[in-house]
Structure formats: C-alpha cells, structure tokens
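Each chain is listed here by its residues.
2 protein chains.
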Amino acid sequence: MLLGYNIVKVTLYLIYNMPSKKVSGADNQQERLRFIGWIVGFVDGEGCFTVSFFKHPKSRLRLKWQVFPEFVITQGMKTRSAVEKVKKHFGCGEIYLNRRHDNHHEHPIKYVVRNREDLLTKVIPFFEKYPLLSAKKKDLRIFAKIVRMMNRGDHLKKSGLEKIRLMVREMNNRKFR
Amino acid sequence: MLLGYNIVKVTLYLIYNMPSKKVSGADNQQERLRFIGWIVGFVDGEGCFTVSFFKHPKSRLRLKWQVFPEFVITQGMKTRSAVEKVKKHFGCGEIYLNRRHDNHHEHPIKYVVRNREDLLTKVIPFFEKYPLLSAKKKDLRIFAKIVRMMNRGDHLKKSGLEKIRLMVREMNNRKFR
Numbered sequence: 020m021l022l023g024y025n026i027v028k029v030t031l032y033l034i035y036n037m038p039s040k041k042v043s044g045a046d047n048q049q050e051r052l053r054f055i056g057w058i059v060g061f062v063d064g065e066g067c068f069t070v071s072f073f074k075h076p077k078s079r080l081r082l083k084w085q086v087f088p089e090f091v092i093t094q095g096m097k098t099r100s101a102v103e104k105v106k107k108h109f110g111c112g113e114i115y116l117n118r119r120h121d122n123h124h125e126h127p128i129k130y131v132v133r134n135r136e137d138l139l140t141k142v143i144p145f146f147e148k149y150p151l152l153s154a155k156k157k158d159l160r161i162f163a164k165i166v167r168m169m170n171r172g173d174h175l176k177k178s179g180l181e182k183i184r185l186m187v188r189e190m191n192n193r194k195f196r
Numbered sequence: 020m021l022l023g024y025n026i027v028k029v030t031l032y033l034i035y036n037m038p039s040k041k042v043s044g045a046d047n048q049q050e051r052l053r054f055i056g057w058i059v060g061f062v063d064g065e066g067c068f069t070v071s072f073f074k075h076p077k078s079r080l081r082l083k084w085q086v087f088p089e090f091v092i093t094q095g096m097k098t099r100s101a102v103e104k105v106k107k108h109f110g111c112g113e114i115y116l117n118r119r120h121d122n123h124h125e126h127p128i129k130y131v132v133r134n135r136e137d138l139l140t141k142v143i144p145f146f147e148k149y150p151l152l153s154a155k156k157k158d159l160r161i162f163a164k165i166v167r168m169m170n171r172g173d174h175l176k177k178s179g180l181e182k183i184r185l186m187v188r189e190m191n192n193r194k195f196r
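Taken in order, these protein sequences are the chains called A and B. Residue 196 is where the first sequence ends in my numbering, and the numbering goes up by one at each step. Residue 196 is where the second sequence ends in my numbering, and the numbering goes up by one at each step.
Keep in mind that a hint or two might mislead.
To be verified - On the chain B side, residues computed to face chain A include the following (Cβ under 8 angstroms):
| hint | residue |
| --- | --- |
| 1 | Q49 |
| 2 | L52 |
| 3 | F54 |
| 4 | I55 |
| 5 | G56 |
| 6 | W57 |
| 7 | V59 |
| 8 | F61 |
| 9 | D63 |
| 10 | E65 |
| 11 | Q94 |
| 12 | T98 |
| 13 | K104 |
| 14 | Y149 |
| 15 | L152 |
These aren't lab readings, by the way, just hints derived from the structure by calculation. Don't be surprised by glycine CBs; every beta carbon is placed ideally from N, CA and C.
Here chain A stands alone, though its shape is the one from the complex (with noise of 0.2 angstroms):
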C-alpha cells in the first residue's frame, strides 16, 4: 500500500512538474483565445455583412437579379498588417487597396470574402460561435440565413428573391451598399 501511496505521489508530482512545458502551451492557447475575442471585436468594430442585389438585363437566367452577399472589413492603410492577421485566420478572401481621393488621411484597404463557400464555411461560422457584440450581430444572423438559402438555390426563384429582399431591409448596416 505505502507502495501505491508513494507511485500517486511521485505521478501527482510528475503531473505536477509538467506545467514547465505546459505553460507555453497554455500562453499559445490563451494567445489564440485572445486573437479569437480581437477578431470578433475588430469586426464589431469595422467589420460589416451586406448583401446588394445587382440587375444583369442580359443574365441567361430566368430572373436577372444577381444577390450579392460580402463580409467586409474597412481600415485605414496604416492597418494593414491587423487585417492581413484576419484574412490568414480565415484563410479566405482578398484584401483590396481602395484608392479614395476625397479629404480623408488615409486610403482605406477592404477585405473582403465574397466566394459562397468560405462564407459558408469559414465565416459564418466562425461567427456563430463567437457572437459579435454590437448590433451587427443581427446583420450575421440574417446574412447567414440568406447565404444558406442561395445555396438552395432560392434567390433563382421569384419568392425566394422576394423574401431576401425583405431580409435585407431588416439588416442595420447600410453603410457599404
């Protein structure tokens, strides 16, 4: 028995004098939870869902609406390298230089994630596991209701156009469109 209680001992403090190596794991994944928080709070932030209908008078498709969703971020050119950080996390998107000549200091750069399937599968949920804060939270709920019924294909339907469109007018974010 005094065996046994010394084999706990000596595992308990084997457990124990583990965290030496553990902590920089612990760093990493604090680090990582961190970047996760930053990430939802920059977007709250600067970051913005739209979805913008576009007309295409010549589109061989029966309705010639085209339903455009975008997950965009807008920052000043100095801020580059904090958007680059959000485009490696997603692994998706592009970042755009948008060349603005009216009074502002800094030409704002745009990331932005357009394709259906990175939104779908990396955006979306990335925020619906981590909820954003401010109001655009309800602008992710209703985008990523949309984008899911474009994957069914509703928005080639009349009622299913017709349905977006009042989804869009619930959206807050109007800035972008």
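Based on these hints, arrange chain B on the given structure of chain A.
Structure of chain B alone, referenced to chain A:
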C-alpha cells in the same frame, strides 16, 4: 507493483474526471480571455487615443494652455450595450449621446475616459498588457508617455508643453480632434 499501477490508474482517472467542475471555470476563463481580446479588437476598430490643447487666456496658471488627453470609443446608437460592456470592464469613464443632424443613419454614442487617474491606472495598463494590433498601438504608446509626463507636471512648464505638442504630431489618429 500491480497495486501501485492500479492506484496510479485510479489517480489518473480521478484527475481526468475532475474537469466537470473545472470546465465551467475554464469556460469562464476562456470567455474572459475572449472578452479581453474583444475589447482590444473593438478599440482597434473604433477606439481613439487623443490629446487636445485648449487655450484658457484667463487661467491662473503660468501657461494658458490646457493639455487634454482622452480615450474615446464611438459607436452607433444600436451598439450601446457593447460600449457599456467596455465601460463596465474598465470601471470608469462616461457614455455620451452625441446627437448629429447630418446624413448619418444613427446617432453615435461616445464612451470617454478623461480622468487622469483612470487613464493611468486602468486604461493605459490594460492596453500595455494587451497590445493593439492596428496603427493605434503607436498612438497608445505616445498617449501613455504624455499622460505620465502630465502626472509629473511637465505640461505646466514651457519646455514640457512644447515636447508634448511635438509628440502629439506623431500620433496617427486625428479624426476626433
């Protein structure tokens, strides 16, 4: 030896089955870390460290200039709850409704920390511990230096005031000044 082995197994079993309680603690900790990251990301998006100068010709001080550092977050009306979370976290500052009559959809609200003690003990140490990822990181560094100089009274001397003025010129974010 077999007994010892079993005890080790039982010990390990017990250790591995403790998490039921631990998990909720870990969950809280994870949430806390994500929330810290969220604040940093939100401030990278919508936050601002500014230092303004006001002339008070009738001031009894030798120099008639007041140096006015502020930490500000602006957000649309609908996101008040998110800004309130930030205020609660820092345990200081005020939320103001900033009524605008231009073509903006929403009346932006402002979270502002002006109290020097709060800046020195709450806001600055937070962002020094959890660095911003955008260009605002540089602003915070200069801002912190200025507030600490003010705490030593440097801004009341001509040379210190001039030094502060030059430092402010190096800050990126002039949006709210």
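I'd like to know which numbered hints this structure contradicts. Please list them from smallest to largest. none
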